[in-house]
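Visitor: Protein chains in written order, with the numbering used here: chain A, 2 to 259; chain B, 1245 to 1604; chain C, 235 to 608.
I should point out that these hints are in silico values taken from the structure, not numbers from a laboratory. Incorrect hints may have been included.
[What the hints assert, rightly or not] Here are the computed lysine-lysine pairs in the DSS-like style, where the Cα-Cα straight-line distance is at most 30 Å:
1. B:Lys1584 - C:Lys554
2. A:Lys111 - B:Lys1486
3. A:Lys110 - B:Lys1584
4. A:Lys219 - A:Lys199
5. A:Lys74 - A:Lys111
6. B:Lys1407 - A:Lys74
[Claimed, not checked] Covered by chain B, according to a simulated footprint, are these stretches of chain A (three or more residues, beta-carbon under 8 Å):
7. 7-17
8. 39-46
9. 100-110
10. 236-246
In this text the structure is predicted, and so the values were computed from the model without any measurement. For each residue, glycine too, the CB sits at the ideal point set by N, CA and C.
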Amino acid sequence: MSEVLLDFNNVTMQFGGVTALSEVTLQIQRGEILGLIGPNGAGKTTCFNVMTGVYSPTIGNVTFNGASITGLKRYQITKAGIARTFQNIRLFSEMTALENVMVGADARKKSSVGGAILRTPRQRREENEARERSMELLTFMGISDRANNAARNLPYGYQRRLEIARALATEPQLLCLDEPAAGFNPAEKQELNELILKIREQGYTVLLIEHDMNVVMKVSDRVAVLDFGKKIADGKPDDVRNNPDVIAAYLGVDDHAS
Amino acid sequence: MANAIVSSFRRGADSFGDAFHRMNKWQKYSFYAIVIAALYMAPFWPDVPVLGAIVDTPGTQFSTVLNDQVIIFVLVALGLNVVVGLAGLLDLGYVGFYAVGAYVTAILTSAHGNLPWLLSLPIAVVVSMIFGVLLGAPTLRLRGDYLAIVTLGFGEIIRLTAKNMDWLGASRGISNIKKPPSFLGLEFGVLDPKPYYYLGLTLVLIVVFVLHRLEYSRVGRAWVSIREDEDAAELMGVHTFKFKLWAFTIGAAVGGLAGVHYAGKVGFINPDNFPLQLSILFLAAVVLGGSGNMYGAILGGVLVAYVPERLRNFADKRVFVFGVVLVLMMVFRPEGILPKRVGDEHKKRSSSSATEEVAS
Amino acid sequence: MPDWLIIRTFWDLTVTGLALGSIYALVALGYTLVYGVLRLINFAHSEIFMVGTFGALLASSQFLNIPLLEDGNYPYRTGMTLIFFLVVILIAAMLFSGISAVLLERVAYRPLRGNGESVGAIVLAFLTSFVVTLIFIDDTKINLIIALIMTAPIAYSYLRIFKRGRQAPRLAFLISAIGASTAIAEAVGVWGVHGRDQYQTARLLEKKTLFNLFGTDVRIDYVIVIVGALLMMTALTLFVNKTRLGRGVRAVAQDAETSRILGVNVDMIIIVTFALGGVMAGGAAMLFTLVYDQTRFNIGFILGVKSFTAAVLGGIGNLKGALLGGLLLGLVENYGSAIFGGQWKDVIAFTVLLIVLMFRPTGLLGESLGKARV
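When you get a sec, could you build the whole thing from the sequences and use the hints?
Guide: This is the structure we're talking about:
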């Protein structure tokens, strides 16, 4: 059952004089939950951005489901099956929760302007299906009671979960969560862990950036660690936890300081 | 204080909206029918006892104002609302599409052709859409501020090209533009504006119908998502370039349609009919009324077109007034008089309207 | 060599192109400064320039009392008198433009940032009451009186609204600028002495030929424009690079938040930025009236768009770019009209803008636009 879903092959990412990622190689197996950790500035979000097509790698390439996605436009990568949430929530504030999710579901639609104006049978069917699917996702996330509230009026916890629902609506194979636990209290973090496991049970593969070890270590099958743009460890949570390089990266050792 | 007036107007509109949603299908249809009938009867409003005195325009025939100003501005506001209000693309050269529609009709029915007006209409609209694509394709990659300047340039290029090319009539312009064909006993002559008004109102209703369908579909959602957060939209699978281009194109189509109607009515156009100030007034109509809201756009179009005629005193100062109004609106109420209502939030209004004011 | 217009008049076109381009460059500095610091196109900068030309006009006609014609001749002056007059006119133009720029910022931009203050509130209150009276009464004197009376109470309530301090969306800044630009131009057009007609400015300088270059007579006014513009730009560059305020401008342009944390008074810097741009536009305005002897209510618009094109061409946010872009645009416009015909001059400028933005939006000397922020 272990089939490589995403292959991040020897990726280097440079912005002008700054090297954000340096020869990073990473593989994500289908059906696993991979945690990506590292001190601030290590390059985790840059990794995400390369995967989702926001940046094109300076060197190296990214393969998804066997096909290269380097250089594809962002919406094409979403259609290929990668979806993400954002570190600082980026919902469409002037739309309701349901509408936000429907935008995600719209990604798979075929009908467009003509269908909308003429209300063709296909358009009406797709619209109804999108609406049902979106409500299902809202219910799955536990936020369906506020489906018709404007996104900007939702409480913080709802907004975080709405982002995940929206990402799931695009029918991805790989779901990338960027610090989903930020701002949560311990009880909420526990709920989040259960939610992530539930998502995996539904058949999704999950990549997770997170600072909070309680979340990452408990929920991930495997953990990869970045430091200064390089991958310094990659393995089971317990192995990584005890890896001296990882400890040094987080706590700092004299060698690094000087 | 002005804020309070506007807010109570909006609260009135909201509670009306609530009552409306609660109506069943037949009640809604009868309501529409009454409103539409009243609108078609508008040329006769000045004859109604009390309403007439309030509504009539001194110095100009009311139905002339209705057609020459109100209908044109409402059509344009509807089209520009798609571009600016829904998709969030600041277009300062919308007068360009309006001019294209008018000039194509003029060329086809008078200067270089002999087609009937009715046939020139779809051709002019299609040509406007082509210009929309021509303008949009290279420029929609640009971020907001730059798009504004570039569209401004486009509007001016259209006007200057018309002014400098003999084939387009140069400064003289083009005259003898054909009139719409007689229909149901209505003669489109030179003196009576009423048939033109009925035609224009019909065009408005059709446009409202089509735009409504677009707004409440994936297309409308895509536009709003682009406006709210373009990068996030793209990452959610929205093909932003395609939809931005569609917004431009549909906006151009409606603008061109307005131009066709204008040309058919006045019978003679020249480059001075399409100055930059018109683009500013068009923008003011959308922004003042409530961008992103079709009914807001209609309201804005009516205000910008009708008020200077009703209160004649400021007719020649109207551009100044609306310039100041734009600044005031942006300072105090950027969302316009009738912003788009999102979801069920109005239900909270009953409990905490005071805090809502501060928060919003 | 074919007998094309452009070849026959090449050097003549070059000289006038450089002079025109210098004016563009000076105005472009205003756009580029404000964009660099606020990431915002100051759409109303064109009207700041226009106001400067009227400042020059008022200085020469009202303050210095120079008539347009003296016994059927131009009121030429020479030597120290000439220099004195020109300096006075220059200062007047710079004052008019500089002060309007600062007022503009406080009225049309600052309230949108959420920290509106008294000056903005007063002006907006006055405008509100003035506009309301306009709608109902048609006597300008009465309008002004009522407006002045109503200003205080309205300003007071505006200030209370300002205290709620919310930041407006980006589009709002642009629309506010457009409104301000339109209002200023229209105000001059409606209430100016000659309305929307052309205003003549007194010709103090006799436009003699200074020297001969490659067969072309180079007029003194062109030389003054080019030299004057270069001097003003040098002064600006020195200010930005050597003074404390200038350092503040550069700091805020790079990173406003960090500058604020480090104790830079960002609001003051913004005012300084607008003032600098205004003063440069005032300089351009004076030079403009020197060469063209005229102005009108809407000269701002066309010149503004062209100067903006120059700023983008050179690389927006880049001071040297504004100079380069301005000079280049002046030349291209002249050569272009020799090739295509004078009536297409404005279209050429717009087309250049379109081409630059499409193919090299960062401009010739670079500053990147349109990058995604995720």
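Visitor: Decide, hint by hint, whether the structure agrees.
Guide: Each hint, compared with the structure:
1. Pair hint Lys1584 of chain B plus Lys554 of chain C does not hold up; C-alpha atoms about 45 Å apart against a cutoff of 30 Å.
2. About 14 Å separates the Cα atoms of Lys111 of chain A and Lys1486 of chain B, which keeps this hinted pair within 30 Å; it holds.
3. At roughly 26 Å between alpha-carbon atoms, Lys110 of chain A and Lys1584 of chain B fall within 30 Å of each other, so this suggested pair holds.
4. Under the criterion of a C-alpha separation no larger than 30 Å, the hint pairing Lys219 of chain A with Lys199 of chain A is consistent with the structure, at around 14 Å.
5. For the suggested pair Lys74 of chain A and Lys111 of chain A, the alpha carbons sit about 18 Å apart, so the restraint of at most 30 Å is met.
6. The suggested pairing of Lys1407 of chain B with Lys74 of chain A is violated, with an alpha-carbon distance near 42 Å, which exceeds 30 Å.
7. Remark: the stretch 7-17 of chain A is not confirmed as covered by chain B, as 0 of its residues place a Cβ nearer than 8 Å to a Cβ of that chain, below the required three.
8. Residues of the stretch 39-46 of chain A lying with their CB closer than 8 Å to a CB of chain B number 0, which falls below the three-residue condition for coverage.
9. Requiring three or more residues with a Cβ within less than 8 Å of a Cβ of chain B, the coverage given for the stretch 100-110 of chain A holds, as 8 such residues are present.
10. Coverage of the stretch 236-246 of chain A by chain B is violated [criterion: at least 3 residues with CB-CB distance below 8 Å; count 0].
Checked against the numbered hints given earlier, this structure breaks hints 1, 6, 7, 8 and 10; the rest are met.
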